Amino acid sequence: MYGFDFIDNTFLVEITQGSELSNKMNFYTVGGFETANGNFVSYTPWYTNHWTDSRITFMTQVTSSFGVIWGFSTGEQADKYKIYPNMKIGLAYFEKLSKDATLSLKATTIIGGKLIEYPCLADYGDIGGVQQVNCRMAASQMPPAETLQYLFNDKPYNQTVVILEYKILF
Amino acid sequence: MKTNPSLIPQLILGTLIISIAPIAMAQSELVAVAIGGNPQVSATSAAVVTPKLQNWMSPEVGSAWSSGYSGKGTTITVVDDYSNASKFSGNLNGTTQTQGHGYWTTQEAGLVAYSATINRQDFNTGRNTSVPLAKTGLNVINASYGMYVPGSYINYNFSYGAEETSMINYAKGGNAIIVKAAGNDGINMGTVNTSGNFDALNKSLKGLPTTIYAGALSTNGTTSSPASMASYSNKAGTDVTTQKQFLVVGVDSSKMGIAGTSFAAPIISGYAAILGSKFSTATPTAITNQLLNTARTDTVKNYNAAVYGRGEASLTRALAPVSIK
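Just so you know, the sequences run in chain order A and B. The first sequence begins at 4 in this note's numbering and counts up by one. The second sequence begins at 14 in this note's numbering and counts up by one.
Chain B with its partners taken away, still in its complex shape (with noise of 0.2 Å):
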């Protein structure tokens, strides 16, 4: 398969990697490398957005929009990286624009769950501090990174900063929905990369009630034209209890101009919130079950709950009764 170059950066950036400190003792420790720099949680007012249709969007969502209700009420808190020089172009709303991979995430869940209020937290400098959760409404944490330690520590426990503790508990204790990058390495979920690392982020989030995995297809599915995995996103892997987490959507990278899995995660945040939006008395994980429950397996090429997991996230399934009359 030929490759476009230009996607190369992009797909690695689409999951960080942290750099870990050696391990001491018997439980490994995370440590992210320490950028400097105080602690940053910045917020974004609920964008002025207006609301458009982008192509590389499901037409599920533009169907949803009509209404304008579109996230209202809730928030989405995007913890990813806003400091790092590094800058890629792509096209999310018509024009092509450069910029780091947290304004990337940012804005594409801002795109999707247009009247959300988007909050930014950069795990360069927020690593010592707890993600903070809005007192009303549902909150949805968007993780388009992930926590690498060397393969051979996988059946280790692992601490974390205050950051990434919070959303472990956050997912524990049912409080917000974690919505978490499956990775880009190509792999089952859980399993060692060919650098020998894996992502010690998405094992301590396996099994919470609020955690959801995304996954990225090529394109958006249709019945008639059933998507199939993007060749670089990790797929659910043979564990059963992530197969249960896994969500996919399409990451068109023809029509965004990037691709990976970070690109996965914010379109489900985004559907989260437009739930949360709807039901605005229902609790994260009965959000989190909705969203799990109504993927699709008709939308995609050849279903296998170890490639797809649940399946292809259905916006329009998920706000739908299940009878009426």
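Bound conformation, chain A alone (with noise of 0.2 Å):
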């Protein structure tokens, strides 16, 4: 009796750790400021994660041409942002087109996996108050409100790949 073995037809494509959005908040794990009392205020607790991003990518054989690219991530969190975890799913296809050409097609999108970044409660005393700020430019030139237009808020890098490779050996 035909049947479809989804074990025996789901191959593993990819395990990482890290993604480029977790490379990107790993720089800021670094530095800090002096507020204005001299005490240093280090980034380090703010942006060091407890977990960081992890991927993991499958493709299911369908046909002997046809596949679904599947996976997802764990995500990563730190005191002043989230990477939310993501679904990747996508589709591959594969053709021999005569005896030294082939034509192969691979889709995906990530569906989640947003970076969000957290403000900070800054005090700067009589001269400004209580006010949100971003943590990284807290004691920078730019007014308090102004700098929470440059939070991150980004999508994950490559989020729709279309790969069409054409294969002619000679």
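Calculated directly from the structure, the hints in this document are not laboratory data. Among the hints, a few may not be true.
Below, a list of computed lysine-lysine pairs in the DSS-like style, where the Cα atoms sit at most 25 Å apart [to be verified]: (1) 338(B) - 27(A); (2) 99(A) - 170(A); (3) 85(A) - 117(A); (4) 257(B) - 85(A); (5) 27(A) - 85(A); (6) 314(B) - 117(A); (7) 257(B) - 338(B); (8) 117(A) - 158(A); (9) 102(A) - 158(A).
As the structure is a prediction and not an experimental result, all values here were calculated from the model.
Please assemble the complex out of the two chains, which come individually in their own frames, going by the hints.
Given below as structure tokens:
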């Protein structure tokens, strides 16, 4: 009797710890600024994640020339940002055009996976009172309210990818 | 100490000596020698300056520049000498220039707070004209000059023309920040110099809410290499009120080619403008206090309030929050 064995036809394509967005935020785990009183405020506690975004991707071969790509990421979180988990889905198509020529198409998209950065609450004393501010720009020249527009709010890198490949051997 | 002769005239010019008329009656009256011409106020629109950290600037300025708000929405009025034919050479922007005192102080303030509107008022012709204030945003008035009277009048009250009267009233009412060069006699503020004169304007501004006196360090200080007072710079002195209003900044003559507390004041004026741009609803008094309260005592050598007042002005600390979570 014909049946489709999902397990037998599913292949591991990728296991990765880390992502482009995770690497971006890792940059801010160092550095800081001095307060008005001269105390050093480090970015490390704010931007050090508790778990690094990790991704696993599979391909399930449906026919000899067509497969479904699927996977997910765990996301990651720190005090002042969050990368949401995401799901990856796509398809892969392969056709042998001739003895020496092949055509392949791979298309994937990521659902979810956004990076959101959270603001800090800064006390500027008599000169400015308590205000929400972009943590990284609290000591900059920019008015606190204007720093909020620079909070990261990013989509995943390479959210939609389409690769069409034509190969010919000679 | 070997003296660089080329610096001597610049030091003298750092704080211009204004001749006065003979004193009448019990109250001395300051009268500047009239040079003639009409009172002149000229405005310079916000200079199109490509911000560049100059080698004489504190590194704090560069780190604070990155967001490009440097003094935006504020006005610095530089009351100075724009008429005198006397010019001297210096280098504030990477090229040697020769220009008059007022042009130097104006340029310097504009290099520090490059987005501020910089206005000029010539004290030679503007003596009877109140210093105008911009209607919006912080106003800072830079006064890199002195009003000298004989030491025998040190306990007198003084009356001035409309120009200085307006500055004193602004400082009294907290309407504008007055940044006053401390003077180049190497003495304590409020005392008589070797010529037997003292700066009456320093005395008249003392204790007012938005007065800042600017003294000069020989260079910018750091914790690893604390700076010393420039030999010519007046010091805060023993009067506690004056000490509380006294700041110092680096005036590195080896880099700038010019020296004098005249060139300390525009740096502090620039800092005030940068603060006024970030905290656009803060009062001049709050901004004055912020600069004074965040000054550093660990970047000057053997800190003593009688020498350094509150200490070295720190733009980065003045911009920073007290606490954050």
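Each hint tested on the structure:
1. A hinted pair counts as satisfied when its Cα atoms are at most 25 Å apart, and residue 338(B) with residue 27(A) qualifies at roughly 22 Å.
2. Under the criterion of a C-alpha separation no larger than 25 Å, the hint pairing residue 99(A) with residue 170(A) is consistent with the structure, at around 10 Å.
3. About 8 Å separates the Cα atoms of residue 85(A) and residue 117(A), which keeps this hinted pair within 25 Å; it holds.
4. This hinted pair does not check out: residue 257(B) and residue 85(A) have alpha carbons roughly 46 Å apart, beyond 25 Å.
5. At roughly 12 Å between alpha-carbon atoms, residue 27(A) and residue 85(A) fall within 25 Å of each other, so this suggested pair holds.
6. With a C-alpha separation of about 51 Å, the suggested pair residue 314(B) and residue 117(A) falls outside the 25 Å cut-off, and the hint is violated.
7. Restraint check for residue 257(B) and residue 338(B): not satisfied, since their Cα atoms lie roughly 31 Å apart, outside the 25 Å limit.
8. At most 25 Å may separate the alpha-carbon atoms for a hinted pair to count; residue 117(A) and residue 158(A) meet this at roughly 5 Å.
9. Annotation: proposed proximity of residue 102(A) to residue 158(A) is violated, straight-line Cα distance about 42 Å (limit 25 Å).
Hints 4, 6, 7 and 9, counting from the list given before, are not met by this structure.
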